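Chemist: Given next are the chains, with one letter for each unit.
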Amino acid sequence: MKSAMKNVFLFSIMAALIVFVGQYQSWNLALSILNLCLISAVMALGVNIQWGYAGLFNVGVMGFAAMGGLAAMLISVSPVREAWSAGGVGVIIGLFILISTVLAAVFSYKKMAKSPLRALLIVFICVVGYFILRSVVDPATSAIEKVNPASTGYLGGLGLPILLAWPVGGLFAGAVAWVVGKITLGLRTDYLAIATLGISEIIVAVLKHEDWLTRGVKNVTGLSRPVPYEIGLQKSEWFLSLSQRLGANHVTFSSIFVKLCYAGLFTIVLLIVLWLSEKALRSPWGRMMRAIRDNEVSANAMGKDITARHLQVFVLGSIVVGIAGAMLTTLDGQLTPSTYQPLRFTFLIWVMVIVGGSGNNWGAVLGGFVIWFFWIEAEPLGLWLMDLITSGMDADSPLRAHLIESAAHMRLMTMGLILLLALRFSPRGLIPEKVGRHH
Amino acid sequence: MEDFLNAFALLSNFVLVPAIAYGSQLALGALGVTLVFGILRFSNFAHGDTMAFGTMFTILATWWLQSLGVNLGPLPTALLALPVGILVCAIYVLICDRMVYKFYRKQKADPVIYLIASVGVMFVTNGIVRFIIGPDDQNFSDGQRFIIKARDFKTMTGLSEGISIKVSQGLTVVTVIIVVTALFWFLNKTRTGKSMRAYSDNEDLALLSGINPDKVVAVTWILAAALATIAGTLYGLDKSFKPFTYFQLLLPIFASAIVGGLGNPLGAIAGAFVIAFSEIMVTYAYKRFAGYLLPEEWLSGGLLQLLSTDYKFAVSFIILLLVLLFRPTGIFKGTGV
Amino acid sequence: MSYLIGENMTGGYGGADILHDCTIAAEKGEIAVIVGPNGAGKSTAMKAVFGMLKIHTGRVVLDGEDITNLSPQDRVAKGMAFVPQTSNVFPSMSVEENLEMGAFLRRDDIYKTMDQVFELFPILKEKRKQNAGELSGGQRQQVAVGRALMTQPKLLMLDEPTAGVSPIVMDELFDRIIEVARTGISILMVEQNARQALNIADKGYVLVQGRNRYTDTGEALMNDPEVRKSFLGG
Chain F
1 MKSAMKNVFL
11 FSIMAALIVF
21 VGQYQSWNLA
31 LSILNLCLIS
41 AVMALGVNIQ
51 WGYAGLFNVG
61 VMGFAAMGGL
71 AAMLISVSPV
81 REAWSAGGVG
91 VIIGLFILIS
101 TVLAAVFSYK
111 KMAKSPLRAL
121 LIVFICVVGY
131 FILRSVVDPA
141 TSAIEKVNPA
151 STGYLGGLGL
161 PILLAWPVGG
171 LFAGAVAWVV
181 GKITLGLRTD
191 YLAIATLGIS
201 EIIVAVLKHE
211 DWLTRGVKNV
221 TGLSRPVPYE
231 IGLQKSEWFL
241 SLSQRLGANH
251 VTFSSIFVKL
261 CYAGLFTIVL
271 LIVLWLSEKA
281 LRSPWGRMMR
291 AIRDNEVSAN
301 AMGKDITARH
311 LQVFVLGSIV
321 VGIAGAMLTT
331 LDGQLTPSTY
341 QPLRFTFLIW
351 VMVIVGGSGN
361 NWGAVLGGFV
371 IWFFWIEAEP
381 LGLWLMDLIT
391 SGMDADSPLR
401 AHLIESAAHM
411 RLMTMGLILL
421 LALRFSPRGL
431 IPEKVGRHH
Chain E
440 MEDFLNAFAL
450 LSNFVLVPAI
460 AYGSQLALGA
470 LGVTLVFGIL
480 RFSNFAHGDT
490 MAFGTMFTIL
500 ATWWLQSLGV
510 NLGPLPTALL
520 ALPVGILVCA
530 IYVLICDRMV
540 YKFYRKQKAD
550 PVIYLIASVG
560 VMFVTNGIVR
570 FIIGPDDQNF
580 SDGQRFIIKA
590 RDFKTMTGLS
600 EGISIKVSQG
610 LTVVTVIIVV
620 TALFWFLNKT
630 RTGKSMRAYS
640 DNEDLALLSG
650 INPDKVVAVT
660 WILAAALATI
670 AGTLYGLDKS
680 FKPFTYFQLL
690 LPIFASAIVG
700 GLGNPLGAIA
710 GAFVIAFSEI
720 MVTYAYKRFA
730 GYLLPEEWLS
740 GGLLQLLSTD
750 YKFAVSFIIL
760 LLVLLFRPTG
770 IFKGTGV
Chain W
777 MSYLIGENMT
787 GGYGGADILH
797 DCTIAAEKGE
807 IAVIVGPNGA
817 GKSTAMKAVF
827 GMLKIHTGRV
837 VLDGEDITNL
847 SPQDRVAKGM
857 AFVPQTSNVF
867 PSMSVEENLE
877 MGAFLRRDDI
887 YKTMDQVFEL
897 FPILKEKRKQ
907 NAGELSGGQR
917 QQVAVGRALM
927 TQPKLLMLDE
937 PTAGVSPIVM
947 DELFDRIIEV
957 ARTGISILMV
967 EQNARQALNI
977 ADKGYVLVQG
987 RNRYTDTGEA
997 LMNDPEVRKS
1007 FLGG
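Protein chains in written order, with my numbering: chain F, 1 to 439; chain E, 440 to 776; chain W, 777 to 1010.
The shape of chain F in the complex, shown without the other chains (with noise of 0.2 Å):
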C-alpha cells in the first residue's frame, strides 16, 4: 500500500503543478500543457509496451507517429474532385502495382528455396514492379500536384468525421511495424533500432515530398474538427449565458471550453488504453512476455516462439503510438510534416518511459506527464536562468547574446542528461513494475 500512496502522492504533484501554470502564467496555458501531456502519456504507453513488456528498442517512434498524423488528415479532408478526375485512377492502379509486386516478392521468397537465384529473382520482381509503378503513378502525381497547386494539388482525404482518423491511424502505425517487425525481429536488437530509425526517417521524408499525397511542406491546414469552434460557441446562447453564470470573459471561456473538450477525448483514450494495458500486463500473455523479456534463453527453450512474440508486441506498441500521433494532429488542426522531428517524437518519448518506470504503465503515463510539462516549462526555466547567469554581463556583449540566443539548445542537453541519470540511477524509474526483473 504504501506504493499506492507514492503513486498517488507523485500523480498529485503532477497535478497541483498544472494547476500552479494556470493560476500564474494563465489557464489557457495550463490546459494546452495538459492536452500535450495526455497525447504524450499515449505515446508513452506505447514505447512502454514495446520495451517494458518485451524489451524492444525502438528508435522510430516519429514514423508511427507520423503515420497517426497522416491518417488523421486522409480521412478527415474532403476529396479534391478535380484531382481525382486528372489523375485518381493512375495512383490506384499504381496502389495495385504496388500490391502485386510485393505479393509476388513475398511469395517467391516464401515457395523458393533459400540460394542466391531466389534473392537475384526477388530483387528483378521489386525492380520491375518499380518501373511499371513509375510509369503509371508518375504522370498521375504530376497531374495532380498542377490541380490549383496554391490551395489544393493533392488529392484529399475522405471527409470522414477525424474521430474515425485514430483507429486508423493505430492500423498505419500497426502496418508498417509489422514489415519493419517481421524483417528485423529475431536478429540482434541492435538491427530493429537501425531499421525502426531508417523507417521513420523514409515515412517523414514520404511526407515532405509527396505533394499529390500530402501537399508536402506547403502543409495541409484547417482539418476538421471532433470539438465545436470558438467562433460557434461564442455565438451560441446556451453557451454565452454559461460563461455569464461563470462570470468569465465569453472569449476567453470559448478557448478554455474547446481545450476542455479535447482534454475530454483524450482523457477517454488514455483510460482505454491503460486499461487494456494494465488488463494485458496481467493476463498469461503478459507474464508469457515478460518472462520471455526476462531470459530469452529459458523461454526458447520452453517453446516459446519469442520472435513471433516480439512481433505482436511491437505491432501493438506502434498501434498506440499510431494513434496517439492521430490524437496529436487532430488538435494541432494541420498536418506539418516539417514539424516531425527525432528529437521532439522518438527520444522525448524514450525519456518519459525511462523516467517514469519501464514496464509500469502508470509510470510511462506520469513520465509523459512530467517530461511534457518540463519540456515546455524548460525554454521560459532556461531563458531566465541564462538571463541570470548573464546578468553581470554588459547589456550588448555578445558573448552574453549568444548565450541567451543559445538558450533553447539547453533542453537538447538537459533531456539527455536526465535520460542518462535516470537510466544509470533509477533505472527502475519514477513507479517501477511491481513484479522485479529477474537477473
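If you are wondering where the hints come from, they were derived from the structure by calculation, not from laboratory data. Some hints here could point you the wrong way.
What the hints assert, rightly or not - In silico EDC-like links for lysine to aspartate or glutamate, alpha-carbon gap of 20 Å or less:
no.	chain 1	residue 1	chain 2	residue 2
1	W	Lys-903	W	Asp-884
2	E	Lys-628	W	Asp-850
3	E	Lys-681	F	Glu-405
4	E	Lys-628	W	Asp-885
5	E	Lys-751	F	Asp-211
6	E	Lys-588	E	Asp-677
7	W	Lys-830	E	Asp-749
8	E	Lys-547	F	Asp-211
9	F	Lys-218	E	Asp-749
10	W	Lys-854	E	Asp-643
11	E	Lys-726	F	Asp-211
12	W	Lys-930	W	Glu-902
13	F	Lys-208	E	Asp-749
14	W	Lys-901	W	Asp-850
15	E	Lys-654	W	Asp-850
16	E	Lys-751	F	Glu-210
17	F	Lys-146	F	Asp-211
18	E	Lys-751	F	Asp-138
19	E	Lys-545	W	Asp-850
20	E	Lys-726	E	Asp-749
21	E	Lys-628	W	Asp-884
Since the model is a prediction, treat every value here as computed from it, not as a measurement.
Once you've looked at the hints, dock chains E and W against the given chain F.
Modeler: For chains E and W alone, coordinates are given in the frame of chain F:
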C-alpha cells in the same frame, strides 16, 4: 565514339567522383562504428553527433588560424586544425566513457542498455554542438576549390562534357587511404592493435591472456574519435557543416557497417562504397547520359531518375533491409546477428 | 607440500554451494586428473582453483603462497595458465597471433617459446598464417594449449581438452600433454574420458556432487573395482 566519351565524362563527373568521395567519408564513419561495436559490443548512436562534435572543434580552430592569417596555400586550413579537433573529441569521448559506459561495462549490462545510454550521449553531444556553434550551416573551407575545373577539362580534351574534381574530394581520397592504411597497420602489426582484435574476438580469453581491458577500451574510443573527426571534417569540407546533417548520416553509416558485417573493419569500407555508389547512382538523373548513348527517338520526357534525391536515405535503408533479409552477417562475416 | 593445492574448498556461483570441502592438488611435473559423472562439479573445482568462482571456506596455495584472494588475471601472472573448454582461441586471428597473445604479458623474447610450441605441435607451424577459426577441432585445441604454454606457466590447467575430438586426435593430444609434463610443468586436467585420462594420470580425483569420493594414483584408481564399476563402465 565522342558521344561515348562524353557520356563517360558525364557519369564520372556526377556519379563516379562524388561517390568515391562520399564513400570514403562514409567508410571512416563506418570504421568508427564497427570498431566500437567490435570492442564494446553496441551500436553507438552517438557516433553521428561525435562527428559533429569533433568537426566543430576543427572549425573553431580553423577560424582561429584564419584570424591569425595562417593558411596552407591551396589546401584548406582545416587540415592544420584537424589535430585540435581530434584531441578535443578524444578527450570528450573518454569522459563520456568514464561517466556513462564504464558503469554498464562493470555491470555487464545488456547491449540494449548501452544503446539507450548512447542515445542519451547523442542528445547531450547534439546539445553541446548546437549550444556552441548553433544549428546553422557553417562554411570553413578555404584554399583552392578545384584540382581540375570542368572548363579546363573541356578545353584539354575537346569534349563537351567536363570532369571537375574538387580539392576536398581529392583530399578526402588521399586522407582516407592514409588513415585506413595506418589503421590496418595498427590493428595487424602492433601489440596494442592485436590486443584489440583479440579482445574483440574473445573477451574472456583476452582477459586470461593478461590483456588490459581498460586500455583496449580507451584506445578504441580514441580511434573512434579520430576517425569520426576526420570523417566529419572531410564531409564538412566537401559539402557543408550542419549539425543535423551529421545526425542524419547515422543511417548510411550504420547501413555501411552492417552491410559489411558489424565488427569487421574491411567490411565497413566495402559496405561504405556499396552504400555510397548505390545512393548516388539511384538518385542520379540519367537523361543527359542517355542522350549521348541512345537514339533521340528512344528518349521519353522524363529525367530518367530512379529515385528523387529527397529519398537518398531510403537507398541505405533498402540495402540494409535486403542484407538483413538475405545475409544478416553482412557481406564479410561480422560478429553480428 | 604439493606445488598447487586447493584445500577444503567450499563455494558456488552465488546460489547454493556446488563444491563441498573439496581438495585438489598437483605436483611439479606431474599430471593430476579430475574425473566424475556429469554435474559432479569437476569444472567448478578447476574454476575454483583458478579463481573464477568464489570460495568462502578453504584456500588455494601455489608454490607455498596463499593465492585465494587473487583474480584469475593475477594468477596468470603467478604462473598459472588455463585452457577453457570452449571458445579457447581467437578465431579471426592467425595461429601465430594467437600464440603471441598468449605471451602478451611477457616483455622478453617470445620466439623461443613459440618454437618450442611448434616443436610440440608441428601442424601449427605449418598453419601458422591461417586463422584459428578455420582449423579443425583437434588443431584448435592444440592452438589453445599452445597459447596457454606461451605464458611459460608452471601450472597448466585444461578443461576437458578432448571434448568433441576423435579418439585418434585424443590419443595424440594426451601424448603431447605427457610431453608438456616432462618439461616440469604441472598439469591439472578435467576429463570426461575418465579411463584414458586416468591412464596418463599420476594422480586422480573422483568427484561426486562436489565432494572428493576417491583420491589415489591414476593406476590405483584404474585397478579399484569399485571405481571401475561406478565410473569407468566396468
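Chemist: All hints are to be evaluated individually against the structure, with a verdict given for each.
Modeler: Against the structure, the hints:
no. : hint                   : in the structure
1   : W:Lys-903 to W:Asp-884 : violated (24 Å)
2   : E:Lys-628 to W:Asp-850 : violated (27 Å)
3   : E:Lys-681 to F:Glu-405 : holds (18 Å)
4   : E:Lys-628 to W:Asp-885 : holds (17 Å)
5   : E:Lys-751 to F:Asp-211 : holds (17 Å)
6   : E:Lys-588 to E:Asp-677 : holds (15 Å)
7   : W:Lys-830 to E:Asp-749 : violated (59 Å)
8   : E:Lys-547 to F:Asp-211 : violated (49 Å)
9   : F:Lys-218 to E:Asp-749 : holds (16 Å)
10  : W:Lys-854 to E:Asp-643 : holds (18 Å)
11  : E:Lys-726 to F:Asp-211 : violated (23 Å)
12  : W:Lys-930 to W:Glu-902 : violated (27 Å)
13  : F:Lys-208 to E:Asp-749 : holds (9 Å)
14  : W:Lys-901 to W:Asp-850 : violated (30 Å)
15  : E:Lys-654 to W:Asp-850 : holds (17 Å)
16  : E:Lys-751 to F:Glu-210 : holds (14 Å)
17  : F:Lys-146 to F:Asp-211 : holds (10 Å)
18  : E:Lys-751 to F:Asp-138 : holds (18 Å)
19  : E:Lys-545 to W:Asp-850 : holds (18 Å)
20  : E:Lys-726 to E:Asp-749 : holds (18 Å)
21  : E:Lys-628 to W:Asp-884 : holds (18 Å)
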